[in-house]
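Asks: Take a look at the letters that make up each chain.
Number of protein chains: 2
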Amino acid sequence: MFVIITYDVGEKRVSKVCKKLRAYLRWTQNSVFEGEITKGNLMKCLNEIQKITNPEEDSVYLYQVENPYHIQKKILGQEKGFDELFL
Amino acid sequence: MFVIITYDVGEKRVSKVCKKLRAYLRWTQNSVFEGEITKGNLMKCLNEIQKITNPEEDSVYLYQVENPYHIQKKILGQEKGFDELFL
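Going line by line, the protein sequences match chains A and B. Under our numbering, the first residue of the first sequence is numbered 10, with each subsequent residue one higher. Under our numbering, the first residue of the second sequence is numbered 10, with each subsequent residue one higher.
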């Protein structure tokens, strides 16, 4: 499936959350990650994120689309996170 | 259709872009907007955004899903932008 994950977490936790998401998804812009992922890995990823975030303060949004063909992406202006394509 | 729009624009243009997107979509978190929108309004919205952004520096990402039933949203922790529901 294809997912988009956006986060708004306390400053102290930003780099931890970012690092964790990078292990599973592609960074695109600010606090936004995207990519194809299996259900198993998504569960694993979310479990790990839950362990390092504070549910009272932090906010993590997950948008998921079962069939990646059902979602289209368009970019106006610059494509950020471009270097990620070569990792 | 359902869309998610994320932006990373120069500081001077943030409030303009935010205000414009608010006219069409729901703010959810940081620089992320979402919502159902018609094709016509989406085109109008993107045209307006293009006029107030700098394509050399700014970056606006659009994710679109024709059928809103094809996308699911889940929230870990706090739901930000909650007050928007009552506007």
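Bear in mind the hints are in silico, worked out from the structure with no lab data behind them. A portion of the hints provided could be inaccurate.
Treat identical chains as interchangeable: a pair holds within one or across any two.
Stated by the list, open to error - With a Cα cut of at most 35 Å, we get these calculated DSBU-like pairs of lysine-lysine:
| no. | residue 1 | residue 2 |
| --- | --- | --- |
| 1 | LYS25 | LYS82 |
| 2 | LYS48 | LYS60 |
| 3 | LYS21 | LYS82 |
Asks: Does each hint hold? Answer for all of them.
Replies: Going through the hints against the structure:
Taking the closest pair of Cα atoms, LYS25 and LYS82 come within 35 Å of each other both inside a single copy (27 Å) and across two copies (23 Å). In this homomeric assembly, LYS48 and LYS60 come within 35 Å of each other (Cα to Cα) only inside a single copy, at 18 Å, whereas the closest approach across copies is 40 Å. Taking the shortest alpha-carbon separations for LYS21 and LYS82, both the intra-copy value of 31 Å and the inter-copy value of 26 Å come in at or below 35 Å.
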